[in-house]
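Go by the hints and put chain B onto chain A.
Residue numbers (this note's numbering), protein chains in the order written: chain A, 1 to 734; chain B, 1001 to 1640.
Treat the hints with care, as some may be off.
[Claimed, not checked] Listed next, the stretches of chain B that the computed footprint assigns to chain A, with coverage defined by at least 3 CB atoms under 8 Å from CB atoms of chain A:
(1) 1008-1017
(2) 1040-1046
(3) 1052-1064
(4) 1085-1092
(5) 1127-1135
(6) 1597-1610
Honestly, the hints are just simulated from the structure, not real lab data.
Built from N, CA and C at the ideal position, the CB exists for glycine as well.
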Amino acid sequence: MLFGRNKKNPIKIVDKEVVKWTYSTCGYCSTGCSIEIGSNAEGKPVSSRGVGGADVNRGKLCVKGIFEHELFDSPGRGNNPLIRDDISKGYSETDWDSAMDHMASEISRIQETYGRDSFAVVSTGQLMTEEFYTLGKLTRGVIGTNNYDGNTTLCMASAVSGYKRSFGSDGPPGCYEDLEQTDCMIAWGSNLPEQHPIIYWRIKAARDKRHFPLIVVDPRVTMFAQQADMHLAITPGTDVVLQNALIHVILDEGLEDREYIKANTVGFEQLEIEVAKYDPVTASKICGIDEDTIRNVARIYAKAGAATSIWTMGINQSTHGSDGVVGVNNLNLVTGNIGKPGGTSLSITGQCNAMGTREWSSCSGLPGYRALENPDDRAEIGKFWNVDPEFFPKKRGLAQTDIFPAIELGEIKGLWLVATNPMTSMPNTARIRKTLEKLDFLVVQDSYVDVETTQYAHLYLPAATWAEKEGVFTNTERRVNITRQVTDPHGNSKSDLAIFNELAKRFKQAEKVNFPEKPAEVFEEMTHLSKGRLVDISGMTHDLIEENRGIQWPYTKEDADKGEPIKAGGKRLYTEPGTFRYADGMAKLIPLPFIDNNEVPDDKYPFWLNTGRLVEHFHTRTKTGKVGNNNKYSPIPFMELNPDAAKELGIRSQEYVRVISKRGDAIIMAQLTQRVPKNMIFVPFHFHDCVNRLTLGLLDPHSRQPAYKQSAIRLERIEDQKAAAQMSMERRTY
Amino acid sequence: MIKVRSDEPEYSFLWDKETKKETRYGSKIELTQLDSGLRNESLNINNDAGIGENPNRYKQHGFVLNADNCIGCHACEAACSEKNDNPAHIAFRSVGFVEGGTHPDYQRLNISMACNHCEDPVCLKGCPTGAYTKFAEYGAVLQDPDICFGCGYCTWVCPYNAPQLDPIKGEVSKCNMCVDRLEVNLKPACVSACLANALDFGVIENMPEGNVENKTSIPGFPDPEITRPNIRFQQTRSTHREMTRTDSTPIKYHRDDSVGIFTPVVDEKFGKERHWNWEKLLGSHESAHVMFTLGTQAVLGAFLLLVVGGLLDLATIVSITTSMAFIPLLGVMFVIQAFGLFKLNMHLGKPHRFYRGFNNLRYSNLSREIAGVSGFFAGFSGYVFFSLFDGAFFTTLANGFAGLGVISGSLGLYFMVKIYRIKARPFWDHWQSGSAFYGNTMNLGALLVGAIALPFLVESAEVTRQAVMTLGSLVFAGLLLEIIGHVVHGRDMHRQGGEGAGSFYEQSTTYGKSWITRNVLLGTSLVLAGVLVSFDVGTTLALTGWYLLLVLTIAAVTISRSLFFVLVIPTTMPGAFFWKNKGFEAHARETGLADMEQMGVVRQGHHAFKVGELLETIKTTSPKQMFGHIKDIFVWKSVD
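This is chain A alone, in the form it adopts within the complex (with noise of 0.2 Å):
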């Protein structure tokens, strides 16, 4: 020692005497980061860390996955399932054959008096593959109802509507490479540092090493605009005129790839009609952009040997969401920038399985991006399950946002909701709670027991999480990775894949259907499916998955018997020329007229309000509002209000506000920032009884999803601090 102490002591340094590291895939977001799970000798998980040769996230993690194994025995777990027969009453405890007898019996007695659709299924992103496989079997193939969606309709809906109409299928042609190797990028309401960590660390890795212009479109100066060369502070809702207005001067100058559009592509004639009606003087009036930067960006674009696009809420949770990334797609196709390095439209992803969910679910098909429309996709599928194809419903049924006024009107009489919450994710949670009320049986199965819409619900079934259960999740870049057990279920509570296997078993048209008990058994059923199709796993085995940290689909039967070393990442769809999934090979270029449908501010209301996400939060809060490490930074729900427009209002740092639109109303504290524009507030939308008390959300005409980044309201000062801080307390229980 220099100086200090004459005797050393023995330094101290926690020691969490890890014995046993098990691989598994990161449960929050999309990015799909291997992560390692370390355990003690009492098999109690310690300890997380970024496994170091993934290619996804090459050791990192962020603040959730750094803390992930605190999930396992966090407060708030469901033990036992628990029963009522009235919402009014309390809840007790039961047994889990009890509790599925019972579930079984409500839906036959609904779906006999209403007809089969009358009972609905909403699921989510955050379950394994393997189980969203096994749930669509069950609902497609067993229960037989057409209303059966996920809650990815209010994150990647329309991502996946967008992909469809551009490209023929879903599933992003681009991988996390490109964002590496690109020449110039535009990043469309994302904001990767908050949303999307390691992604964003890795670009700024390779934009450290070359340099290549960034461009931010994005209301607020977060803080990836702030990295960026150029931050184009939008008008909300406006991408598409922007998008119109970059391609009317691409044409205009001549900067298209003609080759291309000519190889690939379809439409462009009427691409170019629409796009003359954008010239930049005439666009930068709707979208708040001036002519002269439209012109730059268009040009660097074009210019750029590679470009990319990627996007996340900005795009996807407006009115012209689908739009929006069509937009992005046409921006690419007319530019040449599908299918080659650096070169791509990528969507960012939300949960950490919504690309499994839209692979394998069911939800708005059948697996293995299958079409309940197609004639031939029935009849394969009901004959691999055994089911009579005209079981099936010819056309798909409600979107998840559909399903609710469903219920409003009668024509819904019994939910399941399968981990998600929409008490908290809906927009207008106070038409959702009037909705719940109305339903003859609510089943919700959730980790949490504390997830607010067990308000409503009959019946609650406690289930596993995470890396209690084995199975994989496919990732942004269509990386399909595996999480491996590491511990016990909690308390009495299930894996979701036991539990469907368990309903289904209490229904007599699952006799004849296979219902595999193992994850690793289910999984190959699905390669047997995905043989020929474009999300092609044939190649994969779990083991095979792990030892690669994780494979990018196609991955084919042939890929593995070739024997040859899976390269880590850098996959692409869309490579060769004309072999797009229209029948004709082709990419259609989609003219998108602007309707602005908006609630836009007026003088009643007269602040846009944006929401979006944190990066210590995940969604509805159920995972890190209760760890600490997480929560701390945001522990209570808080606005972004510009100090011009605070002080106008008599409004003062960290003073609780009313903010009011024509929903309804919400206490909010107020954090002064010039991060947004003075006619603006912002809103994270991760907390209960918030902001989706006030959002409109309406939605996207092809995608469904909600715009929940448009709305209009306004602020009232409150002179009564003391009741504003208890109400604002009283509205969360963590």
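Below, chain B alone, put in the same frame as chain A:
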């Protein structure tokens, strides 16, 4: 040694190939001579006898923050808390931010900060228990919670808020530089976790690849000359002229083009209205300090008056010490002092470790103050005890103890002032701290003596009048000293700007009405003392006046001292909106939000005196060890 996994990415490993000889402060980077006995010793991490093979093991290391890159994602903080298993309310590393500009020309500058393992570690020098050591290995400043008794003084002196006092555990802990990782050539956990290529670590003055700047200033960062911190910054992007804090601290940073750095200025974010805030003022966690300092000053003042006055044969003092008042007076003084010490000790995180307060006489003013006040209490107690008996022998003994009391007490008072002269707390670092403490010793001491003794002297109007004049003059002088101190202090804080002026702004707004009341009370007391001294108003009126003066002065100095403790704004780094925001922490405690563990805010409470633990220590410590412990206090090993 910890095990390095086979797939550990390259970015996790230390990178220093060449190193410089000296730091910018002119000190050697190589911390020991080649033949030093400090070399080739194990750090004994968790009793592991291994010695790390890091080639730069004896060089000063430090963090590098590239603020151009930091995105405030909390990964560094999380990795640190995960590794050190810290609960939500404790963090060795924190990210705060400043912001400037107008939308869309808006800029947020994130600053991630932990311990800077300073060249001049004021924490080490301040800690009375000797819990800190600056190691030759890596230049790490490490703290041992097993030694700490939870006084929190290191958290006062550190300009960066690095030591963390845990109100639950009652002990301090802090960044350990991940020396276990350094031993195997890995960077600290926070650095390896960084998601923006912002945080790095290496031998001090070395610049990570790609960085172009290695400076010691950034908006919000205190003057590096206070401790010579081992941290370097890059911040090349243009900033706005004014950068504000989002936390409740009324400070913003203004760029001074003449020196090219940002200086703290007052940000009047809560307007100009004046409030009372009685509860916050009087009910603060620091109220134990208010009681202890005022009580000690009163008793010490009275004691000095009695002993020194006796020596000087002052008529008033002689009449008091020979009257019936003497023993009750000593009794009251004893009770006040004992209560003050009790409050102070129970204010510790680990009250049963009180005896460790003397450990660091070598460096710590606090240790010296504790020794001084303890010596005073011993001397005073002996004086009281032997004053109960008659006879020359007992008088000699009493006088001997009185001598000890006077010397120890004076030293104690001197160091009591010194401990508040902290550079990281500009509001305290002014001679007004001394004028208030010395002034209160005078006026409270005299008031106390008068309050007990005067009723015993009323039989003689002349003696009473003389006592009122003598004691009243001291009260007057003490009040005047305090008032002059406040006036000059206020002026100087304004001139100086920064955190001191920020404290003054809070004084005149958040506590504005209480502050004005204090001023009025002090002024009234001064006038009253002046009147009592100058005019012979008769015994009854003089006595009434005296008790009125007592009440007014006690009220005034109680508010004054409470303001002193609640107001101080340290030079610490800006916080975020919730995390490390004093305003939100106070709100969470007031409303009850703090009762939810995951808020990251806990209530401040008091800790039990664990007799069992104390007895266990006594039982398990051999006389030889005890002797060694005492020897270590006075005999210091020389170091190279």
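Now the hints, each set against the structure:
1. With 4 residues having a Cβ less than 8 Å from any Cβ of chain A, the segment 1008-1017 of chain B passes the three-residue criterion, so the hint holds.
2. Given a C-beta distance limit of less than 8 Å, the hint that chain A covers the segment 1040-1046 of chain B holds, as 5 residues qualify and 3 suffice.
3. Given a C-beta distance limit of less than 8 Å, the hint that chain A covers the segment 1052-1064 of chain B is violated, as 0 residues qualify and 3 are needed.
4. Remark: the segment 1085-1092 of chain B is confirmed as covered by chain A, as 5 of its residues place a Cβ nearer than 8 Å to a Cβ of that chain, reaching the required three.
5. Interface restraint, the segment 1127-1135 of chain B with chain A: holds (5 residues with C-beta to C-beta distance below 8 Å; minimum three).
6. With 5 residues having a beta carbon nearer than 8 Å to a beta carbon of chain A, the segment 1597-1610 of chain B meets the requirement of three or more and the stated coverage holds.
In summary, the structure is inconsistent with hint 3 from the numbered list given earlier, while agreeing with all the others.
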